[in-house]
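J.: Model the placement of chain B on the given structure of chain F, informed by the hints.
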Amino acid sequence: MKKNTLEVKGLKTVFDSWQGTVRAVDDVSFNIEENTVFGLVGESGSGKTLTALSILRLIDPPGKITGGSVMFGGVDLLKENEVRLGAVRGNRISMVFQEPGSALDPVFTVGYQLREAIRCHRIVSRGCAEDLAIDSMRKVHIKDPGRVYRDYPHQISGGMKQRVMIAMALINSPELLILDEPTTALDVTIQAEILKLLEEIIAARKMSILFISHDIGLIARMCDNVGVMRKGKLIECQESKLILSDPENEYTSALLKSARALS
Amino acid sequence: MKMRVNKLAAAGTVFIALIAVFAIFAPLIASHDPAGMDTRSVLSPPSREHIFGTDPLGRDVFSRVLYGSRISLSIGIIAVGLSVLTGIFFGSIAGYYGGKIDYAIMRLVDIMLCFPTFFLILAVIAMLEPSIYNIMAVIGLTSWMGVARLVRSEILTLKERDFVAASRIMGAGGSWIIIRHLIPNAIGPVLVNATLGVGGAILIESALSFLGIGVQPPTASWGNILMDGKATLGVAWWVTVFPGAFIFFTVLAYNLLGEGLRDAFEPRLKDRS
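The listed protein sequences correspond, in order, to chains F and B. Residue 113 in the working numbering sits at position 113 of the first sequence, with consecutive numbering throughout. To convert, take the position in the second sequence, counting from 1, and add 263; that gives the working numbering.
Source of the hints: derived by calculation from the structure; they are not laboratory data. Each hint should be verified, as a subset may be incorrect.
Said to hold, decoys possible - Derived pair list, reagent style DSS-like, types lysine-lysine, alpha-carbon separation capped at 27 Å:
#: 1; chain 1: F; residue 1: K241; chain 2: F; residue 2: K3
#: 2; chain 1: F; residue 1: K231; chain 2: F; residue 2: K64
#: 3; chain 1: F; residue 1: K241; chain 2: F; residue 2: K79
#: 4; chain 1: F; residue 1: K64; chain 2: B; residue 2: K270
#: 5; chain 1: F; residue 1: K9; chain 2: F; residue 2: K206
#: 6; chain 1: F; residue 1: K79; chain 2: B; residue 2: K363
What the hints assert, rightly or not - To give an idea of the chain F side of the interface with chain B (calculated C-beta under 8 Å), a few residues:
#: 7; residue: N91
#: 8; residue: S94
#: 9; residue: S102
#: 10; residue: A117
#: 11; residue: H121
What the hints assert, rightly or not - Simulated DEER-style distance windows between Cβ atoms:
#: 12; chain 1: F; residue 1: D135; chain 2: B; residue 2: G344; range: 38 to 48 Å
#: 13; chain 1: F; residue 1: W18; chain 2: B; residue 2: G344; range: 42 to 52 Å
#: 14; chain 1: F; residue 1: P106; chain 2: B; residue 2: I364; range: 22 to 32 Å
#: 15; chain 1: F; residue 1: H154; chain 2: B; residue 2: G475; range: 50 to 60 Å
#: 16; chain 1: B; residue 1: G451; chain 2: F; residue 2: H141; range: 29 to 39 Å
#: 17; chain 1: F; residue 1: H141; chain 2: B; residue 2: K363; range: 46 to 56 Å
Just so you know, even glycine gets a beta-carbon here, dropped at the ideal spot from N, CA and C.
In isolation and in its complexed conformation, chain F is listed as follows (with noise of 0.2 Å):
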């Protein structure tokens, strides 16, 4: 039996409004062993990345979270304080989104944001910052890593950033990589150069990974073991071998139909 890296139990997360409250996440339980990948998948507005967002407690008012618990490395990140959060997140987390595009700060090098994510978390030279930013792109198979360090966000393609992203989020060498839809805003070649870069990062099992997907094919692809999401609640929780074969849910044979039906 192998140790698991994170361990959520009953997360709650709500958002209050006037017409009523939305259980966004809604009593979700799932372990993800050490250097495992799993999966959630589900329909958009299933709560995919709020189950994300929950785990690293960066639910914005009026969300937010009800219960539960997230243990991490031998402590509930739900209770811990804000400071010794902020240790985590990007350091032993980090999470690269859909959206590479707007995630790098349009006014800052690329350089200065890869330096920015290493210097968040440990104290280094600027030289060694800027060795260890030029390796880290080289390991996402960025070509020309010097030039690309010094560019600007928009002077470099979508395929690129997300590379970045990728490299940003792996920079400080996480036990758990959180990969939300990264592929979905690109392009289908890109996201096939994407995807080979995160079955290499994968098939190097370095770190566990949670891989939130809307795509039922590539999770079953991906991952070892999958959950299913949907309004708010994981509907099934599966190895992945065994949920394409054999799924317990209804609504999860929908999806799988759905999924054929495309392809």
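T.: Just chain B now, kept in the frame of chain F:
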């Protein structure tokens, strides 16, 4: 940058640079001691000896205008610097944290805006002694509200952008995000506002000095040279016209530069006009 195309803004920049050179090198350029009186040539018209003429005390107006530009420009720039820093401080905190903090700060802004600024300045200066530093502080601390509102509104939109969320996920705290990401992104309109503000601050300083509660004689500022000349305006136009022209063109230059910067930062505005 669009600035290069904008001839008016370029002219403004050149004029500001020229005045700045005058101010910095005033001791080298000035032909006379700005406080040195010459009773033999009182109110003499512009000549080769005194290119801007002399005032009622026989002081060289050209030299006084040069030295006055040091005072007027430094008051203008430092007062605006102070107002921009104060405005950014309050505006960014209000915008980023929102809620009760935002409410409290914005009501403070509303209250400050209710005071007629000029009379507030008059009252404060009447209580404090009218030194250069007091004038800088008073102008700066009564003109930050516009900047605060501007920065707040910029930050309200900026903080919803993904790079702020990305930065939070990376483990950055509130002050880090404000200083490293939000303010650098909001600085464009603030710079425009500040540039326009320098002109306004120079005008306020001149008005205060003209009324005799600004920069005190014998220190020359553009405003109190005007005051020196007002009694003899009928016979000696040069004492008033030259410093007046310097005030006019400097303020104009700052406004042109400000407009130019606005066009450069917000290209859409220019297409519309």
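J.: For this structure, which hints from the list above don't hold up?
T.: 3, 4
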